[in-house]
Structures are given as C-alpha cells and as structure tokens.
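So the protein lines, in turn, are chains A and B. Per the working numbering, the first sequence runs over residues 152 to 602. Per the working numbering, the second sequence runs over residues 195 to 418.
No lab work stands behind these hints: they were computed from the structure. Ideal placement from N, C-alpha and C gives every residue a C-beta, glycine not left out. Heads up, a few of these hints could be off.
What the hints assert, rightly or not - Taking lysine to aspartate or glutamate pairs in the EDC-like style, the calculated list, with each CA pair at most 20 Å apart, reads:
hint, chain 1, residue 1, chain 2, residue 2
1, A, K481, B, E371
2, A, K516, B, E279
3, A, K504, B, D382
4, A, K516, B, D290
5, A, K504, B, E371
To be verified - Listed next, with one range per pair, are the computed distances between beta-carbon atoms:
hint, chain 1, residue 1, chain 2, residue 2, range
6, B, N332, A, K426, 36 to 46 Å
7, A, A436, B, W374, 44 to 54 Å
8, B, E207, A, E434, 14 to 24 Å
9, B, G313, A, E559, 48 to 58 Å
10, A, A391, B, I379, 39 to 49 Å
11, A, S353, B, H297, 48 to 58 Å
12, A, S588, B, H297, 29 to 39 Å
13, A, M448, B, N361, 21 to 31 Å
14, A, D410, B, N361, 31 to 41 Å
15, B, E207, A, A436, 18 to 28 Å
16, B, N361, A, A436, 19 to 29 Å
17, A, D362, B, N361, 50 to 60 Å
18, B, T384, A, S353, 45 to 55 Å
Unchecked claim - Listing some non-contacts, in silico: residues in chain B with all C-beta distances to chain A over 10 Å:
hint, residue
19, G220
20, I224
21, W225
22, E234
23, D252
24, Y264
25, F312
26, K330
27, K340
28, I343
29, Y355
30, D358
31, V387
32, R402
33, S418
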Amino acid sequence: MKILQSLMSRYLLLILFALALFPLIPAVYYSYTILFNHKLYATQELETLWQNTAVELDGQGVEAIEHRLQSIKNNYPEAGIFWITVNGETRFIDDRPENIPDKWTFADSLKFMEERKFFVDTYLNNREPQEMYTTTALIGNDSNQGVIVFQLPLSKTDIGSLSKDYIFIALFLCVIGFFIVISWLFFYKIRKRLVQLQMTMSVPGNNGVPDQVDIKRMDEIGRLESAFNDMVNQLNKSRANEQKEENMRKQLIANISHDLRTPLTVIRQHVYSVKNASDTSKEIASLQIVENKLEDMDNMINNLLSYTLLSAGKHPMNIIEIDILDEIRKVIAEWYPILEKYQFEIAIDLPDKSLRWNVDPIWLKSILDNLIQNIVRHARLGRYIGIKTVERYGSTFIVIEDRGKGFEHESENKGVGIGLSIVTLMMKEMCLEWDISTSSTGTCISFGKKI
Amino acid sequence: MKTTILHIEDDQEIGAWVSSFLIESGYEVIWITSGEKAIEYMEKVDLVILDIMLPGLDGYTVGQRLKQRYPNIPIMMLSARTSMEDKLQGLSFADDYMTKPYHPDELIARIQVLVRRFGVVESAVLEIKHLRIDQKINRIVNTITKEDIVLTGKQFHIFMYLLDHLNQILTKKQIYEAVWKDAYIDGDKTLMVHIRHLREKIEIDTSRPEIIETIRGIGYRMKS
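All chains should be modelled from the sequences, with the hints used to inform the complete structure.
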C-alpha cells in the first residue's frame, strides 16, 4: 500500500495543513500592509523624538522652530504638526488639522486635552479608542516658550493596529469552520464506507454467503474489504465443496441402494416363477415367506439409507404450506389395496375442510408411510386402522390408531425400530410434536403442530 | 393385435426374466440393453419400460428424448433407484415410476393402466361388471338391458377419469380438479351430486353401488 493511500497519512496531512494554516492566516492577512502599505510608527519613538525636539528648540526663534517642525513634517507626511505660541496662537505646519482653533482659550486647551487623553483601559473595557494619536511637549520644558503638538491617525501607529479587526476574526473563524467541514467530510466518508461494508457483510446472498464488496480505494478499509472478499471466496469454495461432497455421498448411497436392490429383484422374480409353478401348498407357503422377507428387506434398505441421510443432515427438506388432510387422504389411497388385502377395517374420520401446515410434503409422506407400514407389519392381527383429527392444546392433531398388541409384544417382523427413528428425526426437523401411547389392546400415535 | 413393449434394461438376469414374463402375459417384447438405439424402435412400439442405470446414456436422458419425439407413447420407469429425487426426476417426463424389487403382478397392472390411459390398444372394449365400454367410440352399454347409457358431459368426464385410473382410489379433490379444471373448495357437494346422478344411470342398485365405490373419508374408486 502506498503511504499516500493510507487513511492515517491522509488524516495527518489534514492536521498538518490546519497547523500550518493558523500562523499563515495573520501572515497572509498582514502581508499587504507589510509589503505595500505604510510602516507603522512606534509611539514610543515618536514620544522620544517629540521630547527631544522640544528640548532642542529651547530658546529658538519662530523661524527655527517652524523650520525644525517642517523638517519633521517632511519625514512624517501623514502627521498633523502645529505649535502654540505663548500668546495662545496656533501656527500650523503645512495643512491645518480639523477642530484646532487659531487662538487658544483656557477652555479650548482643557477640551483638547480631554479629547486626546489616552485611556489605558480602552481595550480592557472595550471602549472606542480615539482616532488620533497626539503627543505634545513644552518647548525647552518651559511653559513660557510654547507647545509643540504632533498628531497622527491611530491606525498609522503600532497601538492603532491593536484596534478591533473584525475581518481578521471572521477569516480566522472561516478557516476553523473550513477545517471542521473537511474533518467532518473525511470521517463521514470513512463512516459511510464502514456502514456499507457492514451492510454487505450482514446480508446473505443467494447461497447463504454474503456477496463480494466493490473495492474503490486501497486504503485500510479497502484492505479490510479485500480481506472480506477473500473470506467470501473461501466460504463459497467450501460451500461448493460441501455441495459436491453431499452429492457424492447421496450418489454413493443411491448406488449402494441400487446395487442391493438389483439382486433382490432377481430373487423376487424367480420366487414368483417358482411360486407359480408350485403344486403343493407347503411350497407356496414357504415361497410366500421368502417374498415377505424380501419385502421387509427392501423396506429395511430404504429405511437404513433414509436414516443415514437424515442423521447426517443430508436429506433435503423443502418446507411449504400444504393441506395436510389432502396429503393424508392421498397416502391412505395408496395403502388402501394393501390394507384391504389384510382385511383391515379402515376408519377414516377427517373433516371436509383444509388444515394447512408448513411441512415438507415428501417428509410427511415418509412419516405416514412408516407409520402405516408399522401397522401393516406389526399390528396386522388387530385388523383395524383409524385415522382422525382431535383438538388438543388449541391445535388440531392427527391421530392414527390400531388394535394390535402394542409395542411390548414381540412381533414376528419386529426390527430395530429404525422406521420410528426416522419418524422421530423428521418430526423434530419439521417442528411437529408427536407421542405414542401403546398397550396390549392397541397403539395410538398422534402428531400435530406445536403452538 | 398385441401390445408391443420396448424394454430397455442392461441387467441380463432381470431383462431376460421380465421379457419372458411379459411375453407369457400376452405382450410382444423388444428387449435392448442400452438406450442409444431406442429411438429406432419407437415406430413399432406401444409402451416403453425403461431402467435408469444404463451403460452410456442414462435412463433419464433416453426417456426425455423419447418423450420429446413420441409424446403419445407411455414410458414407465422401472428402477432400483428409490429416492424421492429420482422419482421426481423420472416422473418429470415418464408416465409411471416403479421401483425394484417389484411385484410382477403389479407390473402387469400398471402396464394395463398406462395402455388404457393412452388408448394404445386396438380393441378398446372393456367390461366392468354389467357395463361394456368402447373407449374408441365412447359408448357405454348396459349388458343386462342391452341399452346405451347416455351421460351428460360432466358425468362422462367423471366416468372416464375413474376408468383411466381403474382400481385406484382418487380423492374428491383429485377428481374435481381433473374434471372441472378448477380449484376444489372444501366441503363442496357438486361432485357428490354428480356421482349420485351418474350412479343412477350406471348402477343396478344405487344403494349398493358396485362400479363406483365410495371410500369413506377419502374419495371414490372404480373397481373392475
């Protein structure tokens, strides 16, 4: 990553820029005054100059005084210079400043002194300062020789520059505001990108893995996005591998099932042939047992493979809303000929309305097939199957009953109960509640949707 | 004329036995062990029995191709693949799916259902109890009175639908949706009324129907 692409470097640059800007503001602001405009006169120097001049002019005549003052005026063209003679007459050098009387009375002097008084607390109390800087001196420190007066606009002096500078403050505030906006934009952009990343991370795509993020900039967040994209890639890859393994496993199980069934088919075909050609009832009875056992084995292979897939969580489940009573009717319709063959009394008492559940229809069919098959195999002697609905805990439950000898009885066809294990797993996965009550007079299985 | 069946099965033991069994049961059989050349025989056969695990092209591909070219020839899958996915895939084009090991009698029964459904037999005359039904000309005759039975449109549809699924139990919903081509509304008595009128025309004793049997709580069945 280039150093300039780093967020940290960019933020440091921003700070440095701000730090550099603060001293630069006054520099830029005053550069015009400093470079092109007038210099500011130090009041301290003017004071000294004026005092010294007063001393120099001690005992000098009018012409000498005015000559000296004229030479000072030449050095300070913005200044207003005049002097007051002992008689109170004002003598101006070049221009005549405003509000200066030609002849001074005592009251004029007092007024002038009051107006030109410099308040120390001017700035402290935020008072309006005088516009003019004024200094006076007695010629030769003697009140009988006259007074020389030097006036200069306050803005031309160093104390005048301390007056209120609204533009400067406004400029300063603008720069601070600008810096705040830039900082805010900087962090806002970072925040926006982080929020966007968080959103992408938390929304799963089609295959359950979030989609990749577009990387716009290779900074710290860009690198985080890139790492996230790598992770998504890996997840997709492992998901694809998992899918592949799942398919291979399914394929393997399907192939095993197929290979086991093929010899069973051949055996069954030949049993059929031999049975049809048999004369004695004993032979036919034996072959019937072989046929029954072949059927059992077929069911067992089915169950074993279903159970293997189910317990590994590899049996696909597709939950949809269906009319459960309609499904039950269809399953019973398929089993009807077999139940009739074993002379079962079939008591179906299902309401003529729909009962909608969210289940996987294929799984539901497997459950019903298993339960009915159990009745056919183990409760055949009861010759009864009843299917009805009951209201329980505010919900409709399906009840399947038989009049067999119950689970405790050792049936001729009793297996390891893998069929019921499949039923248990499937019911659990589809959030169905079920229970079995069994006794020597029959078994009753009920199942329903949990509320 | 005998019904000709194209039997595609690679397993020698199963193929040989099924072929001879079908011939014994009165069918003509062409048995081939792979599906590649199946299309060549399609002009002369009335029904196809197809295995899935075949060398070369698998049964699904062969079946789909055959169905595409010959949609009116019924295909029955006969396979040791029993998973629901396999069945669903098979039934997406095939007309029936039977798993191995199968009961030979059931195989014959299912072949008969398919043959009837697709009307592939020349002599389509069928006898059910006292009725003689000529499917070619849609004629139903009461053999006792020797009179033709005239049915209304809906009655005829119901009758034919039950006949196509002879010995099969059909739910009210299945019959209603097949005949009326509309969604069944729970508790709707329309079908019941039509069945009652149909029975009045075809049954000898409507209080003890012999042809259209009511399966309580499920639906109806036409028994041969």
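Those earlier numbered hints the structure runs against, lowest number first = Checked against the structure, no hint fails, so every one of them is satisfied.
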